[in-house]
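Enquirer: Heads up: the sequence shown begins at 0 in numbering that gives the first Met the number 0, then just goes up one per residue.
Rather than coming from a laboratory, the hints here were simulated on the basis of the structure.
Beta carbons: idealized from backbone N, C-alpha and C, even for Gly.
The reader is advised that the hints may include incorrect statements.
Ranges of calculated distance between the beta carbons of each label pair, as one might list FRET restraints [unchecked claim]:
| # | residue 1 | residue 2 | range |
| --- | --- | --- | --- |
| 1 | Pro337 | Asp389 | 26 to 32 angstroms |
| 2 | Ser166 | Pro337 | 26 to 32 angstroms |
| 3 | Val307 | Ile400 | 31 to 37 angstroms |
| 4 | Val307 | Ile253 | 49 to 55 angstroms |
| 5 | Ser166 | Ile400 | 43 to 49 angstroms |
| 6 | Gly228 | Ala142 | 22 to 28 angstroms |
| 7 | Asp389 | Ser166 | 41 to 47 angstroms |
| 8 | Thr72 | Pro310 | 22 to 28 angstroms |
| 9 | Gly14 | Pro337 | 26 to 32 angstroms |
Computed cross-link-like contacts, EDC-like style, restricted to lysine to aspartate or glutamate with a CA-CA straight-line distance of at most 20 angstroms [claimed, not checked]:
| # | residue 1 | residue 2 |
| --- | --- | --- |
| 10 | Lys332 | Asp37 |
| 11 | Lys33 | Asp57 |
| 12 | Lys73 | Asp135 |
| 13 | Lys376 | Asp389 |
| 14 | Lys397 | Glu380 |
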Amino acid sequence: MNLLEIATVIGQRLGTNTSDPNSRDGQAVRAFTKMRHDQMYRAFLWRDSLIEYAVPIDPNAANYLPTNPYLPTKGHLILPPIFQHVVACRTSDNRLDVQRPMIYFRANQDEFSRTGTPLDFYLLSKCVWELDTALDLVVQSIAVADNGVTVTVDLLQSAFAAFSRFSVAASAAGSEAGTGDCVENFLKPATQNAINLGHLVLSQGQNLIPANATFGGSSYQFQSLLVAGTQYTITWGASELSLQYGVYPNTTTINNPGAGTTTTFLYPAGGNFAVFFYGQGNGPVTAQVAQSVTQSVSSIITLQAADVAAPKLQRIRFVPIPNVATTIRVLGKRTPPPFSAESDSPGINGLDAILVALGYYDFCHRDERGGTPETDKSVVEAVGPRFLADGVPGGFLKHLIDEEVIQAAHNSRIMPELGYGDPTYYGAQEYQSKGWF
Numbered sequence: 000m001n002l003l004e005i006a007t008v009i010g011q012r013l014g015t016n017t018s019d020p021n022s023r024d025g026q027a028v029r030a031f032t033k034m035r036h037d038q039m040y041r042a043f044l045w046r047d048s049l050i051e052y053a054v055p056i057d058p059n060a061a062n063y064l065p066t067n068p069y070l071p072t073k074g075h076l077i078l079p080p081i082f083q084h085v086v087a088c089r090t091s092d093n094r095l096d097v098q099r100p101m102i103y104f105r106a107n108q109d110e111f112s113r114t115g116t117p118l119d120f121y122l123l124s125k126c127v128w129e130l131d132t133a134l135d136l137v138v139q140s141i142a143v144a145d146n147g148v149t150v151t152v153d154l155l156q157s158a159f160a161a162f163s164r165f166s167v168a169a170s171a172a173g174s175e176a177g178t179g180d181c182v183e184n185f186l187k188p189a190t191q192n193a194i195n196l197g198h199l200v201l202s203q204g205q206n207l208i209p210a211n212a213t214f215g216g217s218s219y220q221f222q223s224l225l226v227a228g229t230q231y232t233i234t235w236g237a238s239e240l241s242l243q244y245g246v247y248p249n250t251t252t253i254n255n256p257g258a259g260t261t262t263t264f265l266y267p268a269g270g271n272f273a274v275f276f277y278g279q280g281n282g283p284v285t286a287q288v289a290q291s292v293t294q295s296v297s298s299i300i301t302l303q304a305a306d307v308a309a310p311k312l313q314r315i316r317f318v319p320i321p322n323v324a325t326t327i328r329v330l331g332k333r334t335p336p337p338f339s340a341e342s343d344s345p346g347i348n349g350l351d352a353i354l355v356a357l358g359y360y361d362f363c364h365r366d367e368r369g370g371t372p373e374t375d376k377s378v379v380e381a382v383g384p385r386f387l388a389d390g391v392p393g394g395f396l397k398h399l400i401d402e403e404v405i406q407a408a409h410n411s412r413i414m415p416e417l418g419y420g421d422p423t424y425y426g427a428q429e430y431q432s433k434g435w436f
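With the hints as extra help, turn the sequences into a complete structure.
Expert: Right, here's the structure in full:
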């Protein structure tokens, strides 16, 4: 059943038309159902919500990019937003234990003596994004209509010793949003287009003079390679005597200050003349001309037009930091799947009847019809008599949990690949040797 069908069934039980999502009763039933779906998904039936994430990590810091999920200097791995909680972590052939800093070295002495390369992990607090080293951050608007929109960026400095909040007016060129290595919050109102949080990139243009270019008649013209109103850098060679450029006949002359030296010049608006002069009749062009250093924004995080807050991401830290390339596999409980569109189905199989009963119960209490034998019976059937008061599952929910336990007992593989917990997890090698699976 999807959300529309569940809302309709609840309305039939209430004797009220709740099919229309825009009606007062329709909105109430959907709000109650979404709330209970989120509650059930987060609290129970883990088997239906376990996910695995495999990522190769590169220990070479020279290959790091600010958008990489692994931070080689810190040994931190940033997980996708679908992770609500980390259950376990391993390499392809070794399990990793979750550690607390004060017990790591004591608890793993035997492991260190046996292998010399223990690898375990800490669970870190969630953040929006983390960088390997601090960078100058900027907020960039994609649409002209969003220029000037106020964006909030919260930064945590190294070792999380300082917190800084920046309220920035977005711009196409990028507005400064502080310097830091950990983004705690990235917030904005609804906008016309996406808003980027990124860092500034400075780049030197490529040499504009074609390879093997030659001059004749003691000059080489290259105005066709230049853009008016743009600044260029000359790296002088040994052959050139001078540069003459401008709007002919009003030109400027720059003499060669020496081979290997650099000179910058602004090619003016309306420019139509740029010539190197030489002391002989023909030969190779030895100078190089490139557009001067340009500034651009490299995006790290993007908030789409309707997004108002970047999601918080789960992070783990490896101890010690791996010094060889390896593949890390993380097992976790996923965040609740979407359950807001009329066509969305519950994230857990068999949850439909529970949502119908709880939605009916919540709606009755909203209309002060709660506490009747009918509403009490509905809750007991769905989740048991102690669920609302004590959180103890019963009724249909207890049956679903029991069924999950039985399935897990007969099929110990709760993840796609062998492992998580021990090289012979649940006696896997014995099971395989006897042909049980």
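Enquirer: Now tell me, hint by hint, if it's right for this structure.
Expert: Status of each hint after checking the structure:
1. For Pro337 and Asp389, the Cβ-Cβ distance of about 30 angstroms falls inside the hinted range of 26 to 32 angstroms, so the restraint holds.
2. Between Ser166 and Pro337 the C-beta distance comes to about 31 angstroms, which sits within the given range of 26 to 32 angstroms.
3. The hinted range of 31 to 37 angstroms is satisfied by Val307 and Ile400, whose Cβ atoms lie roughly 36 angstroms apart.
4. The supplied range of 49 to 55 angstroms is met by Val307 and Ile253, whose beta-carbon atoms lie about 53 angstroms from each other.
5. One distance hint, 43 to 49 angstroms for the beta-carbon pair Ser166 and Ile400, holds here, with the actual separation near 47 angstroms.
6. A hinted range of 22 to 28 angstroms for the beta carbons of Gly228 and Ala142 is consistent with their spacing of about 25 angstroms.
7. Take Asp389 and Ser166: their Cβ atoms lie about 45 angstroms apart, and the range 41 to 47 angstroms holds.
8. For Thr72 paired with Pro310, a C-beta distance near 24 angstroms keeps the hint of 22 to 28 angstroms intact.
9. Distance hint check for Gly14 and Pro337: the Cβ-Cβ separation is about 30 angstroms, which falls inside the suggested range of 26 to 32 angstroms.
10. Annotation: proposed proximity of Lys332 to Asp37 holds, straight-line Cα distance about 13 angstroms (limit 20 angstroms).
11. For the suggested pair Lys33 and Asp57, the alpha carbons sit about 41 angstroms apart, so the restraint of at most 20 angstroms is broken.
12. As the CA atoms of Lys73 and Asp135 are separated by approximately 19 angstroms, the hinted pair is consistent with the 20 angstroms bound.
13. For a cut-off of 20 angstroms, the pair hint linking Lys376 to Asp389 stands: about 17 angstroms separates their Cα positions.
14. Taking the CA atoms of Lys397 and Glu380, the gap is near 10 angstroms; set against the 20 angstroms cutoff, the hint holds.
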